[in-house]
Amino acid sequence: MTQVYSIHSGNPHICIFIQSCSDTLNVEDHKEMAVDASQYFQNIGPQYAPMMRLFLGLMVTVTAAYDASFHVKKPIFKRGVFFASNVFYFLNHSAAGKRASEYMTHIDADTQKVLWSLPDKALFRRASLFVYPHIEVSGNFQVTFEKDEDQVDENIVKSKYIKTLHEGIPSTVQNVSVRIIKSQPLKSKYSDTVKMDYPVMTKFLSMIHHVTPHEHRKDHELHPGFMFHVHGGGFMALTSFSHEPYLRQWVTHTNLRILSVDYTRTPDQHFPVQLEECYQAYKWILKNGSQDLGLHLEKSKIIFVGDSAGGNIVSALLMRIIEEDKLRRPDALVLAYPAMYLEFSPSPARIMSTLDPLLNTSILKMCGDEYISKEEELNDPSHDAKHNPYISPAVIPDDTLKQFPPTLISTGALDPLFDDAWYFAKRLEQANGENGVSMHVYDTLGHGYLNLVTLIPEARVASERISDWVRDNVLLNEQ
1 MTQVYSIHSG NPHICIFIQS CSDTLNVEDH KEMAVDASQY FQNIGPQYAP
51 MMRLFLGLMV TVTAAYDASF HVKKPIFKRG VFFASNVFYF LNHSAAGKRA
101 SEYMTHIDAD TQKVLWSLPD KALFRRASLF VYPHIEVSGN FQVTFEKDED
151 QVDENIVKSK YIKTLHEGIP STVQNVSVRI IKSQPLKSKY SDTVKMDYPV
201 MTKFLSMIHH VTPHEHRKDH ELHPGFMFHV HGGGFMALTS FSHEPYLRQW
251 VTHTNLRILS VDYTRTPDQH FPVQLEECYQ AYKWILKNGS QDLGLHLEKS
301 KIIFVGDSAG GNIVSALLMR IIEEDKLRRP DALVLAYPAM YLEFSPSPAR
351 IMSTLDPLLN TSILKMCGDE YISKEEELND PSHDAKHNPY ISPAVIPDDT
401 LKQFPPTLIS TGALDPLFDD AWYFAKRLEQ ANGENGVSMH VYDTLGHGYL
451 NLVTLIPEAR VASERISDWV RDNVLLNEQ
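Taking the UniProt record's numbering, I'd label the letters of the sequence shown as residues 1 to 479.
Relax, there's no trap hidden among the hints.
Simulated restraints, written as ranges between beta carbons of each label pair:
no. : residue 1 : residue 2 : range
1   : V87       : Q142      : 40 to 48 Å
2   : K299      : K402      : 22 to 30 Å
3   : R328      : G45       : 42 to 50 Å
4   : Q142      : T111      : 25 to 33 Å
For lysine-lysine, the following DSS-like pairs were computed, each having C-alpha atoms within a straight-line distance of at most 27 Å:
no. : residue 1 : residue 2
5   : K195      : K113
6   : K402      : K283
7   : K299      : K402
8   : K326      : K299
9   : K113      : K98
10  : K287      : K299
These are computed hints drawn from the structure, not numbers from a lab. All C-beta atoms, glycine included, are put in the ideal place defined by N, C-alpha and C.
Between the sequences and the hints, there should be enough to build the whole structure, so can you do that?
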């Protein structure tokens with residue numbers, strides 16, 4: 001049974017991550033364990049929720065099939081081998097477990113990005129419209145900004161983290177795409193700003209939809225506030241669209257707009273480009289949102305939201321906003337299974353990654369290394385994941401944490417990143433008291449469950465509890 005636990009135990013003064021350089025996890029040391037993992041992959045453990053267990057089993061099958069088809073060159077044959085291999089490995093768990101565990105030992109960023117990007121293929125996108133909760137608006141608009149050497153506050157310029165803020169931006173003019181999701185139709189005067197996804201299909205589904213998008217709300221009026229969302233995907237994969245299963249649910253439950261940033265992913269760009277793009281997107285929304293999107297910023301509530309890698313970025317973004325004190329601070333922060341410490345150091349939960357088919361040890365290390373860019377880290381101390389809070393928000397200074405808004409952290413007890421979430425929650429509690437942070441822990445869920453709300457009942461409950469928290473603790477507390 002899914003349960004929610006409190007966090008009022010443990011010592012936040014003791015860092016849960018072993019920080020000695022000699023104690024960093026070594027993927028080579030885990031290859032022997034990966035052989036044993038193949039036995040585990042054959043029959044994913046019973047500690048997961050039933051549908052979560054089914055999903056992870058399918059992940060093993062798909063991973064094995066993907067590896068089998070990877071070296072096939074011609075697209076038509078590649079697809080054929082992939083689908084045939086899926087059938088074979090679905091029927092042969094032993095072979096699937098062995099092949100998937102072998103794949104984990106020679107994984108690289110480009111191949112993993114392709115695998116994780118499958119939900120964003122056109123076929124999956126179109127099919128998802130019939131499964132996701134119905135909403136009226138889902139589309140993108142472009143934010144254009146210029147690199148500004150004077151945009152960083154003087155006290156930040158003088159810090160050793162200067163390159164985390166603007167020097168890493170590779171060119172003068174930048175563009176970043178932002179998705180707007182809302183439950184009510186877009187007014188015609190704003191239609192030029194937003195490019196809708198599948199407008200004909202969306203209109204058709206709107207006509208035949210028998211359950212209104214307001215079915216879960218007593219108040220049908222669109223709330224003036226918005227969620228500023230940064231999606232996960234290991235910094236390298238997925239988009240705002242592939243996170244719509246739960247974003248649409250939140251829209252229907254809270255009547256808020258959601259603005260989700262499609263930052264440039266690795267390995268195309270590395271830190272700090274992603275942080276800068278999210279900063280500029282938020283800055284643009286505050287400046288132009290009223291005129292171009294119809295936002296009522298003067299009387300709105302703003303909630304920062306990030307899952308997994310997005311939780312890392314949005315926490316670093318909040319730190320920057322607090323440190324610079326130039327932009328409006330959000331009224332609340334929501335983090336779902338965030339990656340808060342990117343130094344590849346052991347912790348109790350991270351040891352589980354050896355047997356995790358979604359966040360395997362190799363994958364965890366690869367995602368962090370690609371985001372930081374290990375070559376940069378060797379030449380530039382500002383890219384030190386142990387000490388730079390813009391890279392590892394788990395080490396954000398206490399004085400900054402004391403200025404964080406009310407925060408909710410949602411995570412699964414079986415997530416290899418559980419310790420990241422727990423440690424950050426304890427530090428927030430130490431800084432702001434018990435009322436400063438809430439933590440929801442689900443004992444049968446692993447990583448990434450919000451994307452599975454249409455498949456896993458426990459994940460849907462977890463998602464609904466997030467929107468309930470936003471409604472009860474943020475929206476209903478308006479003055």
